[in-house]
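Start from chain Z and add chain Y according to the hints.
Protein chains: 2
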Amino acid sequence: MPHEIDCWITLGSTYSYLTVMRVPQVTESSGVQVRFRPFHLLQIFKEMNYFPFPPDAPKTRYMWQDVARRAELYGIPLKLPVTYPASQSIVANRIALLGLREGWGYEYMRAAYRNWFVAGKETGSEPNVGDSLREIGQDPRRVLPLANGAEIDGALMAETSIAKAAGIFGSPTFCIGDQLFWGDDRLEDAIRWAKYGTLANAKV
Amino acid sequence: MPHEIDCWITLGSTYSYLTVMRVPQVTESSGVQVRFRPFHLLQIFKEMNYFPFPPDAPKTRYMWQDVARRAELYGIPLKLPVTYPASQSIVANRIALLGLREGWGYEYMRAAYRNWFVAGKETGSEPNVGDSLREIGQDPRRVLPLANGAEIDGALMAETSIAKAAGIFGSPTFCIGDQLFWGDDRLEDAIRWAKYGTLANAKV
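First to last, the sequence lines map onto chains Z and Y.
Start counting the first sequence at 0; every next residue gets the next number (numbering that gives the first Met the number 0).
Start counting the second sequence at 0; every next residue gets the next number (numbering that gives the first Met the number 0).
Extracted from the complex, chain Z is given alone in its bound form:
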């Protein structure tokens, strides 16, 4: 049985772009499977009365500097400036959740991020949503009513409640049992933990 990691992800997150692009390569040879679990982090932030990256804050400027450097490190395309925050990121989260149920969720996440971070189309809004769906062979006229319907919205909120109860406060967060690994820069640590149950003295 393969080792499994839950990757809690919200599609409006910046660092999560790196994770979406890196997962196949990083996990390929590890024998570890990553299960993406979209949730709506903004809901948790609202309940905390907190937003990590307000416009013009030093931390926000740093975040873009850091994301850009790491994208270059990994050879991941990025064109700054990126429109942020994405006001309709909840739509992207709903589509991803539906897509993962139907088997095309990962392809949607990649397309939505590429259209946002490279082509300059804000995620969750048009034309990103329609373009991303069509690129992966999905019909927006079928998908959007389902994604924005009561069932998927309820499922996204249920997942968000589970994430909050697990102590999750950021995206991506990798979970293995009660061990949380927050941030794209902890992906390798999470894989190590999934395989060996420790970070120390482990061959990767």
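In short, the hints are calculated from the structure, not lab data.
Don't take every hint at face value.
Remember, identical chains collapse to one label, so a pair may be satisfied in a single copy or spanning two.
[Stated by the list, open to error] Under the rule of at most 20 Å between Cα atoms (straight-line distance), these lysine to any residue pairs were calculated in the SDA-like manner: (1) Lys58 - Val142; (2) Lys194 - Asp177; (3) Lys78 - Pro23; (4) Lys163 - Asp138; (5) Lys58 - Tyr14; (6) Lys58 - Leu41.
Same frame as chain Z, but now just chain Y:
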């Protein structure tokens, strides 16, 4: 001329413990010199009306889980729970600043962290302050009036203003020109940048 990194550090920070303990080994073979610059991050947090790790918050619980895993990874001793936050961390910052001027600052930082994170004595308060100074051969009766005097206090506040103007919002932050690297987990990146001016395609 060796490559230089400014390491902005506040002695009340948890992740900075890892950096203080790791710097000699990580920098030894790299030809990069790290210059520690103590500042009082709590002052910046106060001005932002923000504190990253309130008691019982999910992020705070995560921080200790993450610090403990990484300490184990690096073979750095740690005995939980650690008293946090340290109410008198400003005293530790003043002593470190004085000590760096006089040539014993790094030894003090190591001793103060070891006494805090291993021996359970809160940094900046007694008995940590006196014990740490005596362990490194410094007389508290000479050091403390100097450290708590107007000159060092003014110097610490001046350094804090410089850090804030540079966009620093956390500790440790490694600076190379206008490039900031926030967090102990960016130490290797900072060294790479200091040597090669990029993270990509660089041999470490």
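Check your understanding: What hint numbers does the structure not satisfy?
Key -> Hints 1, 3 and 4 contradicted; others consistent.
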